Amino acid sequence: MSELWLDGNGVAGTLTEVFGAEVTAIARTCGSCGTTAAVGAHRAYRGAGLVLRCPSCADVAIRIAQLPDRNVVLVRGSWSVELPRS
Amino acid sequence: MSVLLAPRAVTWRVATVTELIQETPQAVTIVLDLPDWPGHVAGQHVDIRLTAPDGYQAQRSYSIASGPDEGRLALTVERIDDGEVSPYLTTVLEQGDELELRGPIGAHFTWRVERGGPLLLIGGGSGLVPLMSMLRHRAARGSDADTRLLLSARTQDDVLYADELREAPGLRIHRTLTRERPDGWEGYDRRVDRAMLEEVGPPPHERPHVFVCGPTGFVEVVADALVELGHDPAAIHAERFGPTG
Numbered sequence: 001m002s003e004l005w006l007d008g009n010g011v012a013g014t015l016t017e018v019f020g021a022e023v024t025a026i027a028r029t030c031g032s033c034g035t036t037a038a039v040g041a042h043r044a045y046r047g048a049g050l051v052l053r054c055p056s057c058a059d060v061a062i063r064i065a066q067l068p069d070r071n072v073v074l075v076r077g078s079w080s081v082e083l084p085r086s
Numbered sequence: 001m002s003v004l005l006a007p008r009a010v011t012w013r014v015a016t017v018t019e020l021i022q023e024t025p026q027a028v029t030i031v032l033d034l035p036d037w038p039g040h041v042a043g044q045h046v047d048i049r050l051t052a053p054d055g056y057q058a059q060r061s062y063s064i065a066s067g068p069d070e071g072r073l074a075l076t077v078e079r080i081d082d083g084e085v086s087p088y089l090t091t092v093l094e095q096g097d098e099l100e101l102r103g104p105i106g107a108h109f110t111w112r113v114e115r116g117g118p119l120l121l122i123g124g125g126s127g128l129v130p131l132m133s134m135l136r137h138r139a140a141r142g143s144d145a146d147t148r149l150l151l152s153a154r155t156q157d158d159v160l161y162a163d164e165l166r167e168a169p170g171l172r173i174h175r176t177l178t179r180e181r182p183d184g185w186e187g188y189d190r191r192v193d194r195a196m197l198e199e200v201g202p203p204p205h206e207r208p209h210v211f212v213c214g215p216t217g218f219v220e221v222v223a224d225a226l227v228e229l230g231h232d233p234a235a236i237h238a239e240r241f242g243p244t245g
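Sequences listed follow chains B and H, in order.
The opening residue of the first sequence carries number 1 in our numbering; numbering runs sequentially from there.
The opening residue of the second sequence carries number 1 in our numbering; numbering runs sequentially from there.
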């Protein structure tokens, strides 16, 4: 309870920056425990960067290091994402 | 499941403050004018970015309080005394000032009247803000969807939108004051717990859409109790405040 974490939807702005589209309503399946949950329902930890974790087993779903000129992104597990073509 | 995503730029825009409304001693509603605002869905938020003269930037997320049918953008911000951004927004900001923001943001913690009810909205303190957008949307569209609002605040003075919160067809409002209660108080007098949630309803078998917003500890307790009562975890949408302001 004292851990400093938010919900995936709370960091939707940064996720949109990375994916180029809104992703909090899409489902992601954890590669570790197999739980499927909306990205917005994942746990978001903010520190030097941003880490999203599975709400069930806390395995890492995505790690985003925010550098001055770019985001460095590590994505894990199964993400089903449809991104608009432009 | 996959969802077709609508194109959405997350560009920063400059909004102008058109009105400031002191809601409670701690909270201010900021009404903004944004010429190219694309409209929002109830429950969404915006990111606000402040830049100091030396280039230092601080960014926070704030829920949208106005309903999507109002054609305006209003945020309600609660002051966190040792915060970095909220003291500026609640005590320094003036009408006519400009603010840098991006949004609307978020698709998970949202409700449209077309989704119908039953709806269970549970707010702790200023966690009421995004829920108010849903209630304003519901009212503007003349919905009578079964809606229960459970509102927790420390004292009556801390209750946001007190004058606007009225029961309506299909809408029942339950209040709990956790620290101090006026004489003759008829609402609850304790923190939200499982027994309270059971009384407020609707029961899990009616499969309500549940939205819980508030401080981390509040959301944690409420979400756990809801799951214990048998609510589908996938139907429980949560939005926690961070420790920073």
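Just so you know, the hints here were simulated from the structure itself, not pulled from any lab data.
Be aware that one or more of the hints could be misleading.
What the hints assert, rightly or not - Derived DEER-like restraints, expressed as beta-carbon distance ranges:
| id | chain 1 | residue 1 | chain 2 | residue 2 | range |
| --- | --- | --- | --- | --- | --- |
| 1 | B | R85 | H | E84 | 14 to 24 Å |
| 2 | B | G34 | H | H205 | 18 to 28 Å |
| 3 | H | E164 | B | D69 | 11 to 21 Å |
To be verified - Now the stretches of chain H that chain B is said to cover, found in silico as 3 or more residues with beta-carbon under 8 Å:
| id | stretch |
| --- | --- |
| 4 | 165 to 172 |
| 5 | 224 to 238 |
Note that the structure is predicted; figures quoted are calculated from it, not measured.
The beta carbon of each residue, even a glycine, is placed where N, CA and C say it ideally should be.
**Prompt:** Range hint 18 to 28 Å: satisfied by the CB atoms of G34/B and H205/H?
**Reply:** The hint (18 to 28 Å, Cβ to Cβ) holds, given that G34/B and H205/H are roughly 27 Å apart.
**Message:** Count the residues of the stretch 224 to 238 of chain H whose Cβ falls closer than 8 Å to any Cβ of chain B, and tell me whether that reaches three.
**Reply:** holds (count 3)
**Request:** Count residues of the stretch 165 to 172 of chain H with a Cβ under 8 Å from any Cβ of chain B, then say if the count reaches three.
**Result:** Three-residue rule not met by the stretch 165 to 172 of chain H, so violated; n is 0.
**Asked** That 11 to 21 Å hint for E164/H and D69/B (C-beta), does it hold up?
**Response** violated (45 Å)
**Message:** Taking the Cβ atom of R85/B and the Cβ atom of E84/H, is their distance within the range 14 to 24 Å?
**Reply:** violated (39 Å)
The structure fails to meet hints 1, 3, 4 from the earlier list, while all remaining hints are met.
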